[in-house]
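Going down the list, the sequences are from chains A and B.
Once you know that position 279 of the first sequence is 1368 in my numbering, the rest is easy, because the numbers rise by one and skip nothing.
Once you know that position 23 of the second sequence is 1375 in my numbering, the rest is easy, because the numbers rise by one and skip nothing.
Derived by calculation from the structure, the hints in this document are not laboratory data.
The model shown is predicted, which means the values in this text are computed figures rather than measured ones.
Hints should not be assumed to be uniformly reliable.
[As the list claims (entries may be wrong)] Derived coverage of chain A by chain B (criterion: at least 3 residues anywhere in the stretch with Cβ under 8 Å from a Cβ of chain B; other residues may be distant):
1. 1274-1286
2. 1333-1345
[To be verified] In the SDA-like style, the derived pairs of lysine to any residue whose C-alpha atoms are separated by at most 25 Å in a straight line are:
3. B:Lys1510 to A:Thr1289
4. B:Lys1427 to A:Trp1287
5. B:Lys1427 to A:Phe1193
[Stated by the list, open to error] To give an idea of the chain B side of the interface with chain A (calculated C-beta under 8 Å), a few residues:
6. Ala1401
7. Leu1403
8. Ala1425
9. Gly1426
10. His1436
11. Ala1438
12. Arg1441
13. His1442
14. Gly1452
15. Val1455
16. Val1507
17. Leu1676
Note that CB positions come from ideal geometry on N, CA and C, so glycine has one too.
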Amino acid sequence: MALPIASTLPSRPSRAATPRATRDPAWARWLLTGVALVFLAFFLVLPLAAVFVQALEKGLGYFLASISEPAALSAIRLTLLTVAIVVPANVVFGVAAAWAIAKFRFPGKSLLTTLIDLPFAVSPVIAGLVYVLVFGAQGWFGPWFIAHNLRVIFAVPGIVLATAFVTFPFVARELIPLMQAQGTDEECSAVTLGANGWQTFWRVTLPNIRWGLFYGVILCNARAMGEFGAVSVVSGHIRGETNTMPLHVEILYNEYNIVGAFAVASLLAVLALATLIVKSVVEWRQAGVP
Amino acid sequence: MSIDAHGIQKKFGAFTALDGVDLHVPQGKLVAVLGPSGSGKTTLLRIIAGLEFPDPGSGRILFHGDDVTDVPAGKRRVGFVFQHYALFRHMSVIENVAFGLRVRRRRDRPPSATISERAHRLLELVQLDGLAGRFPSQLSGGQRQRVALARALAVEPKVLLLDEPFGALDARVRKELRRWLRRFHDDIQLTTIFVTHDQEEALEIADEVVIMNQGRVEQVGTPQQVYDKPASPFVYQFLGNVNVLRAPALAVALRRDGGVAEAAKDGQIYVRPHDIELTPHDAGGPGLSAIVRHLHAAGPHARLLLEQVQTREQVEVEISRSELSDLNLRVNDLVRMRLRQAHSFDEDYAI
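All chains, please: the whole structure from these sequences, using the hints.
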């Protein structure tokens, strides 16, 4: 796990006098820091602030009404449901894939590693279209599903599938380098001490990766809540039924309900901020772990 | 418990790690498997432990005469200590030691109080009882090594396998710890194999040394046997410094007693630096003329680099410091050298 680099490079006044090879002149430091801060202010802080300002433009009452109308509540429910299915599924898949890739030699290993990265490389819209192609009414398996009265596309299963596809690299990507760095010695010694595979995993492997896993879960969760492109293709935008929060925001915006759109968007922003705070706490905890 | 390996073959892809290895370790002995890196010694150890398996149909591992080739590692009752200790980093020292007992099936598992009592006793045995609550990252290398040993002993193994046990320690701790291991072994009398690339370590503490090279066993014997009667040029070169001299015609002149050196088909003579005697050049007598090229007198012995006048071969010589001061040598002086003891191997030697 990467430690926060910034905290390991404090500019301590006591050392300021000693010239060091890596120390730049004062104007360069101020300029670079300034550029970074201005950039952050314009492209991140300002828009974020705008979300909250817009959301509260018509007062707190309107804000609360916007997020508690049935369509908004349904979107929130659907998003939380999707997250509740996708994140655990990706944890299981991610841990299994990372375990296999980091700890074993098998044919096709590099292919699997590449495939895990595929969702990062492919545009989310294409990910959505793939599911339409496979499960849609004109798709390969669509007629079979329709014949059995199961709806995948333009329904909750499609949304869950598309979200899972887009978010599945997060946990595995987080764990593979960590597990590779830790090697297999601890597992081997657990085995020679008589532990079975299950005990080795729960008592040795999992405790060693717990912070990396948690970090991966947080990132996966953030992306699952915010996913727009893939979900947009498979959802069908049925208000109150197949709209997730990001889709609901878009609909409200297109209906010129700017304040309503920003009110729901601000909820997403709060969820994202909460995620970032949890992530920072995790990183901070992790840095303190012996 | 004795350990036997018969005809072990192991390939990793195109690389042959072990090429028909036979090994016999008698009950209660401390045996060193010695070889350069890549010689297959760690692979052999892992196969004995059950962490790797020999190529299908190639060989068998026997513990006390019982075939354990297909027995999984956890059921072989081996204590394995890894080169980098492989302590469980998220567990305290005492929990590391107790692990092997805690993962037992319920009906074989001693009560919790017994487990922690036994773990404490083992920590006492390795002289670390005060550090039970620490985490591995808070220990020194030597301490980690001993925790790893205590953890391996907790499951009451029938054999102890150590992979480069002192490899990651600094020179002084290494020396202390290997003597401690020897005494420890004498106390517990457990059949032990340790792998090392350090010939000094192997010769100092092992009852028997197995020398490996390129996936094969080159020689097996007591430290004195392998040092005094090396079976191959490889063993000779691996167990200490050696000069390889060409030109067997010179052998006559080199012998101290003037007799004929063993004729070698490959025309090479092996001689250790401390088996060369130097005399003043103008004293005459048998021997070869050489020029002193370099003098290194720090340490218990003086080391000289000579250049043989006729063949221009470089020869390393080790003499005591008092001999050096008697000879009163300086760089570029001429000196006579004679061999006390030399070896030669037939070119078509068999392993």
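A quick look at each hint next to the structure:
For the segment 1274-1286 of chain A, the proposed coverage by chain B is satisfied: 11 residues have a C-beta within less than 8 Å of a C-beta in that chain, meeting the threshold of three. Using a Cβ-Cβ cut-off of 8 Å, 0 residues of the segment 1333-1345 of chain A lie near chain B, which falls short of the minimum of three, so the contact claim is violated. Straight-line distance between C-alpha atoms of Lys1510 (chain B) and Thr1289 (chain A) comes to about 22 Å, which keeps the hinted pair within the 25 Å bound. As the CA atoms of Lys1427 (chain B) and Trp1287 (chain A) are separated by approximately 16 Å, the hinted pair is consistent with the 25 Å bound.
With a CA separation close to 21 Å, the supplied pair Lys1427 (chain B) and Phe1193 (chain A) stays within the 25 Å bound. For Ala1401 (chain B), the interface hint holds, since its Cβ comes within 8 Å of a Cβ in chain A; the closest pair sits about 6 Å apart. Given hint, Leu1403 (chain B) at the interface with chain A, holds; its Cβ is 5 Å from that chain's nearest Cβ, closer than 8 Å. For the restraint placing Ala1425 (chain B) at the interface with chain A, the shortest Cβ-Cβ distance is roughly 5 Å, inside the 8 Å limit, so the hint holds.
The restraint placing Gly1426 (chain B) at the interface with chain A holds, with a minimum CB-CB distance near 4 Å, inside the 8 Å limit. Given hint, His1436 (chain B) at the interface with chain A, holds; its Cβ is 6 Å from that chain's nearest Cβ, closer than 8 Å. The interface hint given for Ala1438 (chain B) is met, as the beta carbon of that residue sits about 4 Å from the closest beta carbon of chain A, less than 8 Å. Against a cut-off of 8 Å between C-beta atoms, the interface hint on Arg1441 (chain B) holds, since the closest Cβ of chain A lies about 7 Å away.
Hint on His1442 (chain B) holds. Least Cβ distance to chain A is approximately 4 Å, under the 8 Å limit. Because the smallest distance between the Cβ of Gly1452 (chain B) and any Cβ of chain A comes to about 4 Å, under 8 Å, the interface hint for this residue holds. At its closest, the beta carbon of Val1455 (chain B) sits 4 Å from a beta carbon of chain A; the interface hint therefore holds under the 8 Å criterion. For Val1507 (chain B), the shortest C-beta to C-beta distance to chain A is roughly 6 Å, which falls under 8 Å, so the interface hint holds.
Proximity of Leu1676 (chain B) to chain A is violated relative to the hint, the smallest CB-CB distance being about 46 Å (cut-off 8 Å).
Hint check: violations occur at hints 2, 17; the rest are consistent with the structure.
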